[in-house]
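Novice: Residues per chain, in single letters:
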Amino acid sequence: MEDRELIPHLFRTEYRKIVSVLCRKFGLAEMEVAEDIASETFLTATQTWGVEGTPVNPTAWLYSVARNKASNLLRRHQLFEEKIRPQLENEVNATDELEIDLTEKHVDDSQLQMMFALCHPLVSQEAQVGLCLRILCGFGIEEIADAFLTSKETINKRLLRARDKLREENIKVVFPESQEIEHRLERVLTTIYLLFNEGYYSITKDQILRKDLCLEAIRLCTMLVENKLTDTPPVNALLSLMCFHASRFDARFSESGEVILYNQQDTSLWNADWIAKGGYFLHRAGRGGKISTYHLEAGIAYWNTQRDDTPEKWERILEFYDKLLDIKYTPVAALNRTYALSKAKGNDLAIPAAEKLNLTDNFFYFSLLGELYIERDAEMASRYFEQALSLAKTSTDKNSIQKRLNTLYN
Amino acid sequence: MDEYLIIMRLDLITKDRQPSPEQMQAYMKQYQEWVADIVAKNKFIGGKGLSTEGKVIKSGHVITDGPFAEIKESIAGYIMVHASSFDDAVSLANACPILNGPGNSVEVRKVVSVHNM
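Note that the protein sequences, when read in sequence, are chains A and B. Read left to right, the first sequence gives residues 1 to 410 (the working numbering). Read left to right, the second sequence gives residues 1 to 117 (the working numbering).
Extracted from the complex, chain A is given alone in its bound form:
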């Protein structure tokens, strides 16, 4: 573990564990208390490790400090006197209940339960991704603000409102009833997918790929797969699709941080392990017979891991996009479908289909048209690329388009 990343890494992994376990114990109404304890633990670490150096087992050190803080709090807080003590006296030996259980199984369960609680349908979707980023992924407020292209104040307000909602509605950190799980999972999966996309297509920094966000999304989904209650086909399909995308992490950027388009990527940098994982989960997703949009996207992602431009590849991809668009139209899917159409059936069919889309506020639309016209009419192609350039916002996107333009001029 690079020393430079020690605290951020630990924050990412341990903050949420501590918060989840404490929320489960104290209840979501005390989420802020739980977060305070976790934050203070890290602050203490910063000071102490700064002066004395890093401990041999940083995680154990953090848990020990967090446990002590929480026990202290329990002992002296009104909460304990009024609510917990009467219950404890009826149930277990009081000293046992003062223990904060940070064993692996308990931590894993608490996090899953926390995921469901945070993704409760009563909380706004917008707030949910932020809340998950904060609590489950340990992201700082500034990072979240960056990810959403907004300010710290806005994020704080959003999180505050979400926490208030959780408190008002008295939402508990528990597993939903088994008949509820499928429905509740939908929200959770949407949030995880949003998280992944945020990392993969981040429009906020010059570097498109935020590997951390993607890996967090994959980690959360893996937790779901590892628990019998939540190991359902759509969950496996989503995990499969994210693995396939992740396989190209290392090939998507040059040393200087420039985006490398799919066709120019060095396939030796495509990670075979991730592809294999994707295949494994895709296979598992096939049990059960029901197809979700994640299944379709995973199918497309699978074919994208096969570089060769075989007719079969593009025909299957086209089929998948057609089915996706049947279920729900999105501009992105429509554009991608048109590209697949051009590869499977040629530009003569694809160009009119593209023009019909008329997504004139979307720079991808013009990029696509540019691509389709390259062979037919270089002049038109370059005009389309120029339009794309004017609509593109980030320098990474602008650079990609510029590169295409440059190849045309040569």
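FYI, nobody ran anything at the bench for these hints, they're computed from the structure. Heads up, some of the hints might be wrong.
[Unchecked claim] Derived DSSO-like pairs: lysine-lysine, alpha-carbon spacing no greater than 30 Å straight-line:
(1) A:K290 x A:K323
(2) A:K211 x B:K29
(3) B:K55 x A:K25
(4) B:K29 x B:K41
(5) B:K29 x A:K152
(6) A:K393 x A:K356
(7) A:K211 x A:K277
(8) A:K313 x A:K277
Assemble the complex: chain A is given as a structure, and chain B must be docked to it using the hints.
Specialist: Leaving out everything else, chain B in the frame of chain A:
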């Protein structure tokens, strides 16, 4: 050489001042470098960070929560150093990274011990 106590005070109350994980990492590194510098000068005796919760006992044996509930400048930690003079101690303290944060401060006190000759 005499012993001096360098006390670091941090504004722990204002929530805005909560640093991000990356900032915490940077602070930790800065502390470590600062201490290493003093060690290299052969002047470092020891030091500790302090946990954020605490208690204050006032006269009359009244025990209250604190200090963070009561004052903004809570003692975050301390180090002890050897220095040839007060000025020398102050110059060591002046390099403390806590001073990069607004609202923080460092106090330098000379240790007067029965063991000092």
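Novice: To test your reading of the hints: which numbers does this structure violate?
Specialist: none
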